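Model the full assembly from the supplied sequences, consistent with the hints where possible.
Protein chains: 2
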Amino acid sequence: MEKFYVEFIEENPKYIQLQMHIKKLIDKEEVEDGEKLPTIRALSKFLGVNNVTVVNAYKRLEIEGYAVQKMGSGTYAKRKLLGRCFRKEYNETFKKLSIEELRQSIDFSGESTSSSYFPVQDFKEILNEVLDRDGAEALMYQESLGYKGLRKEINKEFWSNELTLDDILIVSGAQQGIDIVAKSLINVNDNVIIERPTYNGAMMVFNWRRSNIFEIDMEEDGVSIEKLQEILKKNRIKCFYTMSYFQNPTGASYTIEKKKKILALAEKYDFYVLEDDYLSELIFDKNMEYKSFKSLDENNRVIYIKSFSKIFLPGIRIGYVITPRRFREIIQNSKIHTDISTSSLMQRALAMYIETGKWKSHIELLINEYKTRYCFMENYLREQLGDKVDFMSPGGGLNFFIKLKDSVKKDCKELFLRCRDRNVIITPGVMFFKNESEGIRYFRIGYSQTSIDKIKDGIDTIKDILEE
Amino acid sequence: MEKFYVEFIEENPKYIQLQMHIKKLIDKEEVEDGEKLPTIRALSKFLGVNNVTVVNAYKRLEIEGYAVQKMGSGTYAKRKLLGRCFRKEYNETFKKLSIEELRQSIDFSGESTSSSYFPVQDFKEILNEVLDRDGAEALMYQESLGYKGLRKEINKEFWSNELTLDDILIVSGAQQGIDIVAKSLINVNDNVIIERPTYNGAMMVFNWRRSNIFEIDMEEDGVSIEKLQEILKKNRIKCFYTMSYFQNPTGASYTIEKKKKILALAEKYDFYVLEDDYLSELIFDKNMEYKSFKSLDENNRVIYIKSFSKIFLPGIRIGYVITPRRFREIIQNSKIHTDISTSSLMQRALAMYIETGKWKSHIELLINEYKTRYCFMENYLREQLGDKVDFMSPGGGLNFFIKLKDSVKKDCKELFLRCRDRNVIITPGVMFFKNESEGIRYFRIGYSQTSIDKIKDGIDTIKDILEE
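For the record, the sequence lines run as chains A and B.
Counting in this note's numbering, the first sequence runs from 2 upward without gaps.
Counting in this note's numbering, the second sequence runs from 2 upward without gaps.
Hints are computed from structural coordinates only; laboratory data are not their basis.
Each hint should be verified, as a subset may be incorrect.
Chain copies aren't distinguished; within one or between two, either way the pair holds.
What the hints assert, rightly or not - Straight-line alpha carbon distances no greater than 27 Å define the calculated BS3-like cross-link-like pairs of lysine-lysine that follow: (1) LYS410 / LYS389; (2) LYS89 / LYS149; (3) LYS455 / LYS239; (4) LYS389 / LYS411; (5) LYS4 / LYS389.
Remember, predicted model here, so these are calculated numbers, not experimental data.
Printed below as a string of structure tokens:
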């Protein structure tokens, strides 16, 4: 209780001083995320103030998204995810590393395909062709849904022409897709379910919306239906954010059956599935079939977000969103007020790239190359680290998510720091958990930026460090 | 009071049913924006419910940003700006017009320089040079602040190397600049001051943040200092959004003296000036000097947003933000969680375009061309419409903002619709006012997309219609 003590000054209303004080405690992590705040009675007695002062302070905290009131239970602190120490250190590491240094390291942290595979010459020719064909037009604002030619190609290539073109909204990458959908649908204190662990960039967006985040543990084939039902029975949920293939970071993919069950629950409990399809092109396992939530959706319950950045090239900043019609206008407006439109030239270039069949052959090349690395890494991991770690084989994607066995004394923060000193960059598990401490035994390593040789050297180094 | 009647059903808590009902009334505009809601006593009596039911319903409305409580005065409705009828019709008009049709019309609605001036060939050569020089690098993610080479050129060309490079954050256009700054600084129910009338896209962003918007009328040299002070004395203001040159839509520019006064108030009352510098390059009046709020800012009170889209080319989607250091990290994070980074290729191309001096000569060309159109339009407007309208001469920019004299019987909605039927596109004043009705006597016409001949024909048509 001591930490809640406020030395009131005369000038400002007491409830504002109290509110500011608690806000500071939350920001400084002296009050934990999810910690129950003192009861109104206890705090007003402790501070020697009127009940109403505390009621008003709590109310203002709630309005600003720093607290959430649970009926019949009390008021709980809610924290912004920013500014945690280790995450900061991790981010600082990256800011300090130049692209050059990263290239000289063994970089297991990559999340998108390597630039060395990128067909610069092809793409340059296409850019020139587009500019010759369209002139200044290619550099003007685009229609707000995005360049029609690109929407046509997307519909043809990826959706067998089953969509209407107005269903497709071009966005500047999947991150923007998540941001504009969140801005459209999620209000302060709306309830959102995420997978645990999950993609940090999505967590941040939901947190910035100051929504209430529920987490469900990932299993080998997605979240548990029972746990999902438990939450749905007790809470009014707005949406469920999921990566259906090679979930980041676990690498898990949902079975078709599980997807169908989740869609049925979405209809029953009136929530939406926000599907982030970021890497489904890279399926190496012949037994895996590609069927998105969206393709199984009979009741307009899915908002589908597709990125071209991970698989094609990050700098192109293009993705698309397919939304149920009832959200179309609001999401479209949200896009306009976010950045008006996505680069017209890049949209046209990508359309031509798909149209000429270059996209397809590029993906085939990538599957071949990455499958080789995947198999090597999987085998070498089992051989060298099998006694120290557990992991599952995703059957595709670009990463393995690894858990240190209990017998290992180091945790992933230490492993990250020691690796960094030896020029090996891994991604510590804490990056993917709302509560950092839950990720302390995990790390993610990927092969997108590392040749077979480098994979070998990197894993040897990790082994070395774990055996120290 | 009748409209507040709710037929309660058993299943849900009454306060939620009441809240949903009032939300609907606000969305449907059956309760006006700013309308006072019934007192708790009166409404609970009318509905035959407990006081607490109404209190809780109002509280939830406030949390969701649908209402605002003014101490000692009561609770007031707050509406999303979306979905007003005439604005919708205006937007629909644009959605229906293809780029081709717009080109065949007399388009007075343009907000950025014409594509016919755009140096496609030069730009194409630069794209090729960049790709030859940087290869796939030019297409990877950029450092989160943006391409260093571009930040260097900006500092050199526009800020006499007085900034440090870390002060500059590259964004995907000014709209994104406004969006990420708003997301970083403005919380639900924070107070924001805007100019009346103002840019619709900014109003939308503040509204989506569900902030409380205060308006101050624009005068010939910016907002009135007295009115600004009045608001500051009574309210805790977070920021003031302003366009310092050729304000959109009025065309007014702030005097240096007024800028200094506003900056002094910002320091005194602890608020921030959000400066949208979207068109200051186009100064035609020899007596006007370019001095941004930012350049006069001694106390780190200015967040400066610059667009390259209006003046250079819309499709390039590049702008930049300069923020006081204390906000740097949060705004930078906001950018990352909005779309990770801005197109790397375009940043590199723009850097080279500035570096080679092409930017400078392009702007000189534009000033020449547009000054001719500006002078013609100014004279022809006075000659032909002098007895029907009032307007001021901005001395630069791309638009005139025009007020119908009281003697004119038509309003701007009618004028817009009649003009549209005759292939002349004007922007009705209602687009720029929070309360549509205040803009009913105004319209904006610009010369960015219209040759001298078309300007003449268009004004003749407007004259015709007003004389009907």
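Broken hints, by number: 3, 5
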